[in-house]
Amino acid sequence: MKKAITLLSFSVTILLAYAAMPGPSSSGAPASHTGAPGEKTCATVGCHDDNTLNEGTASVSIEIGDGIKKYIAGQTYPVKIRITDANKQRFGFQITAMNAETQTNLGSFIITDAKRTQTVKNAYTLKEREYVTYTFNGTDAVSNGVGEWIVNWTAPKNSSEPVTFYVGAVSANDDMTDKGDKVYTSSLTLNK
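Quick note on numbering: the sequence shown equals residues 1 to 192 in my numbering.
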């Protein structure tokens, strides 16, 4: 009986240790990590900080609609965020849309795939900004070396300001740590 209890205790300890191992964050990136004005990135705050920002061979792109350069007030557009890095299988991202001059949120995001994306906000600073980031399932590559997410964005109804989309993205080596991963930023501006 004592042997069975010891074996059970050992098994529970191993299971708990495995569950506590770091892995892809199911809560996504913390808000305000896109590299937009007034923000940091995951390369500068301690989560994926052993490489220099934008150091590496990945490419990050933001595509609005079918590649539009101007938006129509009140119109909803698909926004595709894509990171390509050969042979990587884990990726992450965060995006926000704002007026680059006033640093205020413009428009609103609509989640179209809750299994892979989610919205996040800050509780204390930059509270007015809206972000979309990945979920645990959203870290999986959509094909070898490609991370991709699609959300909808509705343009503001009463604005004539340009909107800038800021993205912070991570290309991860999937070694269950935050070391050896690469962080990239990109932005895209649409005029009205």
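I should point out that these hints are in silico values taken from the structure, not numbers from a laboratory.
Some hints here could point you the wrong way.
Claimed, not checked - Result set (DSSO-like, lysine-lysine): computed pairs, CA atoms no more than 27 Å apart in a straight line:
no., residue 1, residue 2
1, LYS80, LYS70
2, LYS157, LYS70
3, LYS80, LYS121
4, LYS192, LYS69
5, LYS157, LYS69
6, LYS192, LYS70
7, LYS192, LYS80
8, LYS69, LYS80
9, LYS121, LYS157
10, LYS115, LYS80
11, LYS157, LYS192
12, LYS157, LYS80
13, LYS115, LYS192
Results of checking the hints against the structure:
Among the hinted pairs, LYS80 with LYS70 is consistent with the structure: their alpha-carbon atoms are about 16 Å apart, no more than 27 Å. Using a Cα cut-off of 27 Å, the hinted pair LYS157 and LYS70 holds, with the two alpha carbons roughly 14 Å apart. At most 27 Å may separate the alpha-carbon atoms for a hinted pair to count; LYS80 and LYS121 meet this at roughly 20 Å. As the CA atoms of LYS192 and LYS69 are separated by approximately 8 Å, the hinted pair is consistent with the 27 Å bound.
Of the supplied pair hints, the one linking LYS157 and LYS69 holds, its CA atoms being roughly 17 Å apart against a limit of 27 Å. Restraint check: the Cα-Cα separation between LYS192 and LYS70 comes to about 5 Å, which is no more than 27 Å; the hinted pair holds. For the given pair, LYS192 sits about 19 Å from LYS80 by alpha-carbon distance, which is consistent with the 27 Å threshold. At roughly 14 Å between alpha-carbon atoms, LYS69 and LYS80 fall within 27 Å of each other, so this suggested pair holds.
Only pairs whose Cα atoms come within 27 Å are accepted, and LYS121 paired with LYS157 is accepted, the gap being roughly 22 Å. Among the hinted pairs, LYS115 with LYS80 is consistent with the structure: their alpha-carbon atoms are about 16 Å apart, no more than 27 Å. In summary, the hint linking LYS157 to LYS192 is supported, as the alpha carbons are separated by about 11 Å, within the 27 Å threshold. With a CA separation close to 22 Å, the supplied pair LYS157 and LYS80 stays within the 27 Å bound.
Between LYS115 and LYS192 the CA atoms are separated by roughly 32 Å; this puts the pair beyond 27 Å, and the hint is violated.
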